[in-house]
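*Asks:* Produce the entire structure from the sequences given, and follow the hints as far as they go.
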Amino acid sequence: MANADERRPERPAEEDGTAHLFRAVGKQIKVLRVRAGLSQKELGSRTHCGEDLVSAMERGVRTPQPEFLELADPLLGADGVLIAAIDDVREAQKKSRTRHPDWYRGYAKLESEAVELHFYANQGVPGLLQTEDYARAVFSHRRPLLDEETIEKRVADRLARQQVFERWPSPSFSYVLEEVVLQRPIGGRAVQEGQLKRLLRIGRKRTVEIHVLPTDSEEHPNLDSAFNLLTPKGHQEVAYTETQGHPRLITEPEEVRLIADRYGSMRGMALNPRKSLALIEKMLGER
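Counted from 1, the sequence shown has number 20 at position 20 by this note's numbering; the numbering is strictly sequential.
In case anyone wonders, no lab produced these hints; they're calculated from the structure.
You can trust all of the hints, since none of them are fake.
In silico DSBU-like pairs for lysine-lysine, Cα to Cα no more than 30 Å straight-line:
{"no.": "1", "residue 1": "Lys30", "residue 2": "Lys153"}
{"no.": "2", "residue 1": "Lys153", "residue 2": "Lys41"}
{"no.": "3", "residue 1": "Lys153", "residue 2": "Lys109"}
{"no.": "4", "residue 1": "Lys109", "residue 2": "Lys205"}
{"no.": "5", "residue 1": "Lys205", "residue 2": "Lys233"}
{"no.": "6", "residue 1": "Lys197", "residue 2": "Lys109"}
{"no.": "7", "residue 1": "Lys282", "residue 2": "Lys197"}
{"no.": "8", "residue 1": "Lys197", "residue 2": "Lys275"}
{"no.": "9", "residue 1": "Lys41", "residue 2": "Lys27"}
{"no.": "10", "residue 1": "Lys205", "residue 2": "Lys275"}
{"no.": "11", "residue 1": "Lys197", "residue 2": "Lys153"}
{"no.": "12", "residue 1": "Lys233", "residue 2": "Lys153"}
{"no.": "13", "residue 1": "Lys205", "residue 2": "Lys282"}
{"no.": "14", "residue 1": "Lys30", "residue 2": "Lys41"}
{"no.": "15", "residue 1": "Lys233", "residue 2": "Lys109"}
{"no.": "16", "residue 1": "Lys153", "residue 2": "Lys205"}
Since the model is a prediction, treat every value here as computed from it, not as a measurement.
*Replies:* Here's what the structure looks like:
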């Protein structure tokens with residue numbers, strides 16, 4: 001899963017109507033920026049944010065933070081127009097947050113404090129299991145292309161998350177990996193080999209179970225996207241999904257129960273941890 005590595009700007013809500021306000025403000029920002037003769041990169045540099053974020057705010061798919069509006073208003077010669085929108089933006093942000101608990105704000109922190117973590121992966125190796133080379137290959141080839149600085153930051157953030165394996169008392173980890181995840185040579189054969197070796201090392205930890213779901217399985221209870229299940233410290237189990245860059249934290253108990261049921265079914269159909277590690281060893285031996 002991509003991307004729970006860095007703190008994401010909040011996405012505008014669709015269900016409560018606040019997205020219309022954010023789109024309107026985004027359009028104002030774009031008109032003012034063009035009139036001021038600034039590129040998105042130049043505006044981002046002067047307001048301490050990235051070019052991609054400026055673009056996303058102008059399109060209404062990222063929330064313009066009050067701090068950004070305060071800095072952008074004089075830079076763009078808005079004469080207080082953007083500052084005047086701050087109270088409405090803050091009120092809309094409060095409304096959009098009511099659907100989720102406050103601890104939704106930082107998924108990485110939530111993950112680092114979890115007492116149980118379960119992952120289902122059907123495309124690539126989950127972030128906590130990735131080697132540095134594998135992670136760099138993932139970020140280097142994603143579209144739209146990222147600049148080198150962003151790639152290195154995301155790799156560093158992803159590796160930093162892996163410290164959760166060193167915590168004690170340790171959370172319980174389990175993974176259900178589609179067999180094709182092991183077969184896909186992301187980054188090339190050498191990177192794939194290093195990745196398989198890391199899976200063996202992590203899979204031998206007492207606190208970690210890796211289950212491989214064979215490709216030739218004739219039944220499958222989940223042909224949807226990958227997902228995570230985690231039990232945050234002091235909270236009930238939640239689920240996290242991310243599809244085409246759209247993250248979703250699921251807290252509704254019945255919906256979480258259904259996802260957990262699918263996960264249990266897949267884990268029951270997959271190879272047990274001993275046989276899964278033996279399969280990985282065999283794949284390495286055949287190289």
